[in-house]
Amino acid sequence: MIIGIDVGGTHTDAVLIRDGRLSKKIKLLTRQDHLMASLLDAADYLLEGEDLSRIERLAISTTLSTNAIVERKIDRVGMVISSGPGLSPGQLPKFQDTYYVSGYMNHRGIEVTPLKERELDDILEDFRKKGIRHAGVAGKFSCRNPQQEIRIGNGLKGATDHVSLGHRLSGQLNFPRRMATAYLNAAIWSRHRQFVREVENFMAEKRITAPCYILKADGGTIELPQSVDTPAQTILSGPAASIMGTLPFVEPGQDAVILDIGGTTTDIAVLADGVPLLEPLGVTLGGYKTLIRGLRTRSIGIGGDSTVKIVQGRIVIGPERTGPAVAFGGPAPTPTDAMVASGRLPLGDRKASEQAMQPLAEQMKRSLPETAEAIFSLTCDLIAQAVTEVMEDINSQPVYTIHELLEGKTVVPKALYAVGGPAEVMAAPLGKRLGWSSHVPGNAEVANAIGVALSRTTAEVALLADTERGILTFAEEGLQIPVSKRFSREEAIGLAREKLLEKARRLGASENDMDMEITEDLVFPMVRDFYATGKNIRIKVQIKPGLASYLKSGE
Amino acid sequence: MTMERKSKKTGLIFFPAFDWAISPTHPEREERLLYTQDQVFEEGLLDFDNIVEYKPGLAAKEDIDRTHICVPDAASVTTDSHLIAAGGTIRAAQAVLEGKVDNAFALVRPPGHHAMKVVHGARGFCNVNMEAVMIDYIRRHYGPKRIAVIDTDCHHGDGTQDIFWHDPHTLCISIHQDGRTLYPGTGFHQEMGGPNALGTTINIPLPPGTSDEGFFHTLDHAILPILEEFKPDLVINSAGQDNHYTDPITNMRFTAQGYARLNEKLAPDIAVLEGGYSIEKALPYVNVGIILAMAGIDYSHVREPDYDAATLKQTGDITRFVEKSAEMAYQVWKERKNFRERIVGHNRSMTRRKHVYYDTDGISEEQEETVRICDDCGGMVTIDSQADTGRRIFAVIVPYLACPRCRQAGEEAYDKADNRRYAGVYFQDKDRDLFRVK
Chain A
314 MIIGIDVGGT
324 HTDAVLIRDG
334 RLSKKIKLLT
344 RQDHLMASLL
354 DAADYLLEGE
364 DLSRIERLAI
374 STTLSTNAIV
384 ERKIDRVGMV
394 ISSGPGLSPG
404 QLPKFQDTYY
414 VSGYMNHRGI
424 EVTPLKEREL
434 DDILEDFRKK
444 GIRHAGVAGK
454 FSCRNPQQEI
464 RIGNGLKGAT
474 DHVSLGHRLS
484 GQLNFPRRMA
494 TAYLNAAIWS
504 RHRQFVREVE
514 NFMAEKRITA
524 PCYILKADGG
534 TIELPQSVDT
544 PAQTILSGPA
554 ASIMGTLPFV
564 EPGQDAVILD
574 IGGTTTDIAV
584 LADGVPLLEP
594 LGVTLGGYKT
604 LIRGLRTRSI
614 GIGGDSTVKI
624 VQGRIVIGPE
634 RTGPAVAFGG
644 PAPTPTDAMV
654 ASGRLPLGDR
664 KASEQAMQPL
674 AEQMKRSLPE
684 TAEAIFSLTC
694 DLIAQAVTEV
704 MEDINSQPVY
714 TIHELLEGKT
724 VVPKALYAVG
734 GPAEVMAAPL
744 GKRLGWSSHV
754 PGNAEVANAI
764 GVALSRTTAE
774 VALLADTERG
784 ILTFAEEGLQ
794 IPVSKRFSRE
804 EAIGLAREKL
814 LEKARRLGAS
824 ENDMDMEITE
834 DLVFPMVRDF
844 YATGKNIRIK
854 VQIKPGLASY
864 LKSGE
Chain B
4 MTMERKSKKT
14 GLIFFPAFDW
24 AISPTHPERE
34 ERLLYTQDQV
44 FEEGLLDFDN
54 IVEYKPGLAA
64 KEDIDRTHIC
74 VPDAASVTTD
84 SHLIAAGGTI
94 RAAQAVLEGK
104 VDNAFALVRP
114 PGHHAMKVVH
124 GARGFCNVNM
134 EAVMIDYIRR
144 HYGPKRIAVI
154 DTDCHHGDGT
164 QDIFWHDPHT
174 LCISIHQDGR
184 TLYPGTGFHQ
194 EMGGPNALGT
204 TINIPLPPGT
214 SDEGFFHTLD
224 HAILPILEEF
234 KPDLVINSAG
244 QDNHYTDPIT
254 NMRFTAQGYA
264 RLNEKLAPDI
274 AVLEGGYSIE
284 KALPYVNVGI
294 ILAMAGIDYS
304 HVREPDYDAA
314 TLKQTGDITR
324 FVEKSAEMAY
334 QVWKERKNFR
344 ERIVGHNRSM
354 TRRKHVYYDT
364 DGISEEQEET
374 VRICDDCGGM
384 VTIDSQADTG
394 RRIFAVIVPY
404 LACPRCRQAG
414 EEAYDKADNR
424 RYAGVYFQDK
434 DRDLFRVK
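Top to bottom, those sequences are chains A and B. Here the first sequence is numbered in the working numbering, starting from 314 and rising by one per residue. Here the second sequence is numbered in the working numbering, starting from 4 and rising by one per residue.
Any given hint could turn out to be false.
Claimed, not checked - If you want the ones that stay clear, here's a sample from chain A, every Cβ over 12 Å from chain B, calculated:
{"hint": "1", "residue": "K443"}
{"hint": "2", "residue": "R657"}
{"hint": "3", "residue": "D828"}
Unchecked claim - Label-pair distances were calculated between CB atoms; the ranges are:
{"hint": "4", "chain 1": "A", "residue 1": "D694", "chain 2": "B", "residue 2": "E232", "range": "32 to 42 Å"}
{"hint": "5", "chain 1": "A", "residue 1": "R431", "chain 2": "B", "residue 2": "S303", "range": "19 to 29 Å"}
{"hint": "6", "chain 1": "A", "residue 1": "Y863", "chain 2": "B", "residue 2": "A270", "range": "17 to 27 Å"}
{"hint": "7", "chain 1": "B", "residue 1": "S303", "chain 2": "A", "residue 2": "T597", "range": "20 to 30 Å"}
{"hint": "8", "chain 1": "B", "residue 1": "I252", "chain 2": "A", "residue 2": "H716", "range": "27 to 37 Å"}
{"hint": "9", "chain 1": "A", "residue 1": "D834", "chain 2": "B", "residue 2": "I252", "range": "29 to 39 Å"}
{"hint": "10", "chain 1": "A", "residue 1": "D842", "chain 2": "B", "residue 2": "Q193", "range": "52 to 62 Å"}
{"hint": "11", "chain 1": "A", "residue 1": "D842", "chain 2": "B", "residue 2": "S303", "range": "27 to 37 Å"}
{"hint": "12", "chain 1": "B", "residue 1": "S303", "chain 2": "A", "residue 2": "E430", "range": "26 to 36 Å"}
{"hint": "13", "chain 1": "A", "residue 1": "E781", "chain 2": "B", "residue 2": "F219", "range": "31 to 41 Å"}
{"hint": "14", "chain 1": "B", "residue 1": "T318", "chain 2": "A", "residue 2": "V425", "range": "53 to 63 Å"}
{"hint": "15", "chain 1": "B", "residue 1": "E232", "chain 2": "A", "residue 2": "V624", "range": "47 to 57 Å"}
{"hint": "16", "chain 1": "B", "residue 1": "K9", "chain 2": "A", "residue 2": "D388", "range": "34 to 44 Å"}
{"hint": "17", "chain 1": "A", "residue 1": "P632", "chain 2": "B", "residue 2": "N254", "range": "53 to 63 Å"}
The set of hints was computed from the structure by calculation and includes no laboratory data. Here a beta-carbon is modelled for each residue, glycine too, at the ideal position from N, C-alpha and C.
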């Protein structure tokens, strides 16, 4: 059996899946002051009367790190930056304690200016004075050559509890995002480590020997102990849980859109050939643009509880939410009230909704049913329009080869999957507006937990071989090895796959569940003074987000 | 020192064509914009709210035929890469003219500024002229515009000059390394436009070894004052990057800071990449500098790793040469109206004979171009062109904002042309967007 638990901001969902069937489920209000207690409550409920030795795996997702960042309950971090020429420091992300050091790498990973180790002494002195115990290090082009970051890290290690190195967190280019990612990782490190320890204690107490996994923002899981030094990967796993939890109900292999219609917002995610699309660079959280791999979602400020107003004779929906719908005791009319008042949604206090709608109808100089209908219709229009924009965005994403420009895949969904409170009522009208089929997956109230339980382990590897210099770099592994002039693209792909398998195994992937895919495959002949001098080979491979096992229908 | 700058919304059309080369070891190859992409991505420029990336479309056959006379036809002299580069340039124009951005930079390849009106093949790595195709597109789709093209490539923008030679509504200023020392060997002060468009072609040759100082002198004493008086609706920077001190095929001493500042001062509405083949040492820094300058973001920290101000200073001789060149260029502009009588006299038409060598494709062309002398428009043009491919063609061009008499003369010339003598007789009417072949 598999246990999946999602500790979300409002609710904690948990499921027990036995022989591929949903066997137990529970939904609790999350205890804001004590997320760990919510997790344990849910686990206790599911495991009551179960033979704990039969657990194959336990998988969790938590909003702990996300909340910590949003609420700024994070550790003070000393950021050590080697930036070299380019953007001026005024344009780079700002942190409370930032130290610029000498030394930089160029775009090929060639060291242009060396570090001045002496500068680190002053920084450490300042750390001591300020009581800084956590550090982040980010160097420009460190993913091309991590040596300077590694040396800075070694210099700081002795005097700190933790040092986050930029190149370890992503192989992607983007220096400002690398800074932010290293910062966030260092800032939540101790909190996350504490969480990991508590879960491990709980498991030890219960004598659960099955592996425990944690969900990442990219919809993949890794074994809990593997997440200790890279906690940033686990932020924003909530939206990923919801998308992954819808996958078991989606016909495999198709282009589709998943809508999570919540109270305040509606989140839009897209599947291409059945696989959720990733953010091109990384997720954004608390104003920080990062290199943290995450599922691509677009959130719009329209949900079931958005406040509805009439402004100069026109209906305005959201983006603010003042509380739940009037039908459920809230203060102001919402799209949910429009659905209740019109009888579409047979829930809550219909009279109250009607009363709340009445002033709007008067302002509109229309009947109450007409007004309710207009509000509902506009809500659907706005969401459908946002979905259309998301698709346009995705299909107009820049490409850099003629082949991709002329032959590149376009994502053309034909199906809409809606979850969330008003999904039942809104799915069909939304599908009609988009010209797609519409579906409402079952067990939507515990979709997050299902997603957590079933997601496979993901991993990615970026390889850069510069045969002119005779160096191959696996950025995130901090690894550079010599290669010969004759090193080929085929060898590079072979090596990258090998490295990916190794990494995935380490992170907890099972042998028979490694759906690999090449996401970048570029070879540039290098020519200097009209002579071929080598090749610049760039390979990225990944294990795509997906389900480790499927859910059989029926309870 | 950080200057206060006004933030601008800048459109970026980045199309490095990573799967296309003229030939494996040609400077115009897959690798050319690789390190530029690395630098632009690493600096995170696309995360700025005021920098927006657009995907290029493909230019249509009609877009090429509106500008060029391709022999035998557009499809034969262009590949997908040319259509995407032209399409990317058009995309930049659309973003600006539809008000989505304040300015735009088409970072596309291959270049186009050596492509002339008639195209028998590729010369100077160029088949079609991106800026010219874009300008004709703009006028077709967004109405009449006075346009200035400032060609800042190190090579004379002879293709752009040729295409707008007779167009008084398009000001073409080219600054470049002196033609006596560099391909294509033209671009002297006395090349000042056709008889109906005297002074709207301006050439400013600069000596080898010109540094930032020389470029800014030219900008301040010739280009900006001329622009001030021409009052263009749009300024286009034909932005070659081969004036850089590390460029392997030229001899100038311009820097990344210089390029950024030039774009800040020139404030082009649209910039289009032309040449520039120092792919590792110059392009990454120059392009980052230009993008930041166009977007109004502090570029003071953009610098080449091997930058050394002392070695990049220009000599006193060079300074004097530059000052004289800028002065002469400004005189051409100032005196343009006085040249007309002397050059045109009582002629009713004037003819120029040209020999064009297509170095990239190894084709030679002999051309006779005749323009009708006209006080009301750029003048109807006929071209008789014979290439050593064996193809001889005749073309009639009714100019942009043509007067009725030139249009009528053009129609008559086309009707009269005997297509048995030619592989093709072409008719191009800009205002009516007509293109015919017989």
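(request) Quick one: which hint numbers does this structure break? Sort them smallest to largest. (result) Hints 4, 6, 10 and 14 are the ones this structure does not satisfy, whereas the remaining hints hold.
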